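*Asks:* Sequence:
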Amino acid sequence: MASRSPIPPLLGDGHGNYRVHIVGNCGKSYGQSTLGAELASVLGVPYISLDSFFWNPNWVESTPEEFRAKVQQRLAEIEGGWVVDGNYTSRLGWLIEERTDAIWLDPPFLLYFPRLVVRTFLRLFGRVDGCAPGCNESLANVFLPKTSIIWWTITHHRVVRCREGDNLKKWGIHIGGNMRRIGGWGSELNTWKHAVSEMVKSK
1 MASRSPIPPL LGDGHGNYRV HIVGNCGKSY GQSTLGAELA SVLGVPYISL
51 DSFFWNPNWV ESTPEEFRAK VQQRLAEIEG GWVVDGNYTS RLGWLIEERT
101 DAIWLDPPFL LYFPRLVVRT FLRLFGRVDG CAPGCNESLA NVFLPKTSII
151 WWTITHHRVV RCREGDNLKK WGIHIGGNMR RIGGWGSELN TWKHAVSEMV
201 KSK
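To convert, note that position 154 of the sequence shown is 154 in the working numbering; the numbers rise steadily by one, no gaps.
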């Protein structure tokens, strides 16, 4: 029996284009956006943070129509591949059909939550940029349950894991799909990033 070829770290479209969608509950606290920017640099494609399209100044949400139009317009301007960071699949379901690879970052809660808390306070004191232009942190955003990213992360950790776990059952690379889960405390992610870099160098 012929052995199966190893699955590459990124699938692409078969023509050298990679349209990568990064999802997860960890956001910038575990390097979700950092990974997006790094991956885009390695692949030589634009990096797009969906948060910057969804949030208007002063934390005003875009309407579903506005959000979809802004993202579609930006992607239409790009020839070839891209790296997109952010969940929003309930609002941008068509993105699932466009992507060639889905990366689910699923680190342990105890790893990414302390980093999220630190980063949130750094944003509060203006030490790092917010998730979108004009969206600065306030005490209310940090502490009030209705607006707190800290509280949202606590209450949605299991929700996101269940949702993406279900998606992995439908679209996982182990069943011929394009979605892979990267968990653990960092070594799995580093190994995968190295594999991507080596893949690009070999082309």
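Just so you know, these hints were derived from the structure itself, not from any lab.
Keep in mind the model is a prediction, meaning the values are calculated, not measured.
Certain hints may be false.
To be verified - Have a look at the derived ranges for each label pair, beta carbon to beta carbon:
no., residue 1, residue 2, range
1, A140, D13, 41 to 49 Å
2, W185, L144, 12 to 20 Å
3, A195, H15, 14 to 22 Å
4, D13, E198, 39 to 47 Å
5, P8, A140, 43 to 51 Å
6, W151, P8, 34 to 42 Å
Note that beta-carbon positions come from the ideal geometry of N, C-alpha and C, so glycine has one too.
*Asks:* Hint by hint, note whether the structure agrees.
*Replies:* For each hint, the structure was consulted:
1. A140 x D13: 41 to 49 Å: About 44 Å separates the Cβ atoms of A140 and D13, which means 41 to 49 Å holds.
2. W185 x L144: 12 to 20 Å: Between W185 and L144, where Cβ atoms are some 31 Å apart, the hint is violated.
3. A195 x H15: 14 to 22 Å: 20 Å, holds
4. D13 x E198: 39 to 47 Å: Distance hint for D13, E198 is violated at roughly 20 Å.
5. P8 x A140: 43 to 51 Å: With Cβ atoms ~46 Å apart, the hint holds.
6. W151 x P8: 34 to 42 Å: 39 Å, holds
The structure shown violates the earlier hints numbered 2 and 4.
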